[in-house]
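A.B. asks: Residues per chain, in single letters:
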Amino acid sequence: MKIKTNKIIQVLSICCLAYNVLTYADDSKTTISEEELQRFTKAVTIIKENYIKSTSDAKLVDDAIQGMLTELDPHSAYIKGNKVKILDMLLEHGKFEGIGIDLEPDGALLKVTAVIDNSPAKKAGIRVGDSILRINDKVTKNMPPKEMFSLLNGSKGNKVTLTVIQKNHHKPRTITLTREIIKIQAVKWDLLTPNYGYIRISLFTQQGFDDVSKAILKLQKAAKGNLHGVILDLRNNAGGLFESAIRVTNCFMGAEDLKENRIIAYTKSRDNETGTVAKANYGAFLPKTPLVVLINEGTASAAEIVAGALQDHKRAIIAGTHSFGKGTVQTPFVLDKKSLIKITTALYYTPYGHSIQVKGIIPDVIINDFKIQENKQAAEESAGVENLAAHVEQGTDKTPQKNRQRQEQENNEIALAHKDYQLYEALHLLEGLSAVDNAQHITTLSVKR
Amino acid sequence: MGNKIILFIVFIFVCCIAHSTIAIESSDDISKTALQRFTRAIAHIKQDYIKPISDKELVDNAINGMLSNLDPHSDYLVGDSFTKANALLTGEYIGIGFSSATINGAVKVIAVTDGSPADKEGLKVGDVITEINGKSVKDINADKPTYGPKGSKITLTILHKNEPKPVTLTLVRDIIKSPPVQWRLLEPNYGYIGIKVFKTQTSEEVKTAITSLKKTNKKKLQGVVIDLRGNGGGLQREAVNITNYLLDFDKLQKNKLITYAKGQNYESQSFASSEDGSLLHNIPIVVLINEGSASAAELIAGALQDHKRAIIAGERSLGKGSLQVMFPIDMDSKIGLTTALYYTPLGHSPQVKGITPDVIINNIEIVDNNQPLGIIGEGALTNHIKNGNGYNDNIIQRIHEALQIQKNNELALARKDYQLYEALHLLKGLNAVNNMQCMASSTKN
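Chains as they are written, first to last, in numbering that gives the first Met the number 0: chain A, 0 to 448; chain B, 0 to 444.
Don't read these hints as lab results, they were simulated from the structure.
Be aware that a few hints might be false.
As the list claims (entries may be wrong) - No farther apart than 20 Å at their CA atoms in a straight line, the calculated lysine-lysine pairs in the PhoX-like style are these:
(1) B:K31 with A:K337
(2) B:K134 with A:K166
(3) B:K261 with A:K52
All chains, full assembly: derive it from the sequences and hints.
C.D. replies: Now the structure itself:
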């Protein structure tokens, strides 16, 4: 059974390659054989006449279409009723009320395939790959998508109780979450240290390109023109709009930088026919600055396209854990006013022809997500040093202040290591890259001389 | 979809209503707009899906989609599941010899066939299956991979009851012969009849089993345990016949119902009859059920309980109170459709609720106590006074030895099947009470 819950993800995972080409099928060329159609109508008639309670044609046909699509692959789906409107609404507004997870059926269990940043689910520690056994004490097996959708999403403030099976836990955990209005702040940026920037993209939305280009300019300004490197964080980015992902990639490598092969991604449909070829057509905002891209098992679809392109063109070092592996293209087709199907029509390929499907993007540098054990003694000691430094400071001149700055930076780094080990490691990687980069500069300079 | 013994049996529950005369209806019976939606979807998939797909596959999946969204027991049988379902009904199959059901989201073993690979490797009722061949078990349908060629291997990861860590078992598929009816004397005067499933000949076999038990025991039987644990159901007609054999027709009150059923377009009633009935007249019965007892098995337990004919012991049953009828679509496919709910003679619906035992007996594991039991009694003391009835020590020793053998036998049974051991005790208790009543009435006379 195909079940999609989280509205936003649902909407955006329809990579909108063909969003503009929603068309009605030409009824004149109904391509099903008379014999098979008869088998179907016979089944419908038997059910209507004999089932324990009365059923409607509409329900039976809906279940039939859903049955066909579910068996195709995990991303082909039948979307019914108001969800069609939600699709448009969400692309425009980018907010919803709920707990912020995307679920997909995996046999009887529902698997978490995405967790939205800052959502109640994320805060409660729900992770991609967890299985949901029950929602509000209702077993999720065979739960109609509509019911599940309304249990998870809706008015803020209401509580949702999930029974979750997590990796490395044999016993299910029960978690109670409060629904919130979740605004998708798809792009965030910050300086990690005075010369190193951080850009987090949680979803490729319509505004993705604007937001990222602005973030780059602001980072450069904040670093006072001395931006030595940037970390592009695509962890748990479930994808989004294909077009947006292409433009964002273009921000980091421009047409002039790539020369012959300007491809960012391309698709192949049935019979190996090449479909869309997306290229870097514009100049870049940040073409040279060292770049580390962080990915993990929640990085999917459009986000994998970005990572794959930057990796193939050797524009960035990809770090983290290998990505989700959703390399299929879904195209929506409208059936009537209230329903559409999206079916898998093509596969994505990276510039050098690697299919993302199943395999995912393999990081150049694998950084696992560790939790660092708090070292109490060390913390106390450093506090002691700080006190001492404060004492000494009174009697001396500028040197201690420098010490203090260094100390602060060290403390910040330790805090970062505790908070986000992968990011901490990525920062080190970036610092290393930047050092090599400088060394090369020096060599080229000296060679020129 | 589900083609494991239990599941599939479950929907063959009432399969024998002839439906060969269903006309092929014209598509006018389905609303135009709905049908158009369907054909449009097919057109798009055929044209643009990433790989080509046949009409048959699409329509099979469509019919399957309709049925699996109705209820857990309505099902579409086609291809493999069709042939396997038929093969299972006729008897032997190749597999590992267990059946399971999804209970509270966990796939639990509800029956293990004696002597099967599953039995030999120590799979037990109540075990939770977490993985098959390294893949997490998604559904009762995960049972599908248990079928395969003889001699091939399958790996199960299971959680034994009360054990925190899962263990991995590797099993070799073999021919599973699971006779639907098994009988034996548990000990002199006490019979056992186990019924695994209700197939076309099952009621006849039960009849034979009862006759054989009577013959083997020579004296009058003092009690029979009817074991319906792990019985996932089957043909309703067979269950009704068996109930009729077990009921004491003469002792029935006004209500002679065995069961009745009601649905949108389905109604039926089954009554007890005096001819060809009451094979265990005046003999106490204990019926054993557990969470694997479903459908037709619940029908029997419910009827015998309502008529106070038997004591129902064990654990609450599964709660599958619906009837399925088989409708052929064409030569190679059929629909098992839920058409009605059935009720016990007093109008209880077992649906979801299940049958609650009169006496709850949990499936307890008896841990072996290796301490040798040195008999220390009066007889071991030097210079003891002799028995007052004149038994000499040799005779008393023989009596004690016989008791010890019985004790050992009972202990062995308790270790092997605690619920059955307890059921036997219940029967003995019932008999003791009956005898007292007899004595009381005879004194009055």
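A.B. asks: So, for every hint listed, does it hold in this structure?
C.D. replies: How the hints compare with the structure:
1. Between B:K31 and A:K337 the alpha-carbon distance is near 15 Å, which keeps this suggested pair within the 20 Å criterion.
2. A threshold of 20 Å between alpha carbons decides the hint, and for B:K134 with A:K166 the separation of about 14 Å falls inside it, so the pair holds.
3. Of the supplied pair hints, the one linking B:K261 and A:K52 holds, its CA atoms being roughly 10 Å apart against a limit of 20 Å.
Comparing the model with each earlier hint shows no violations; every hint is respected.
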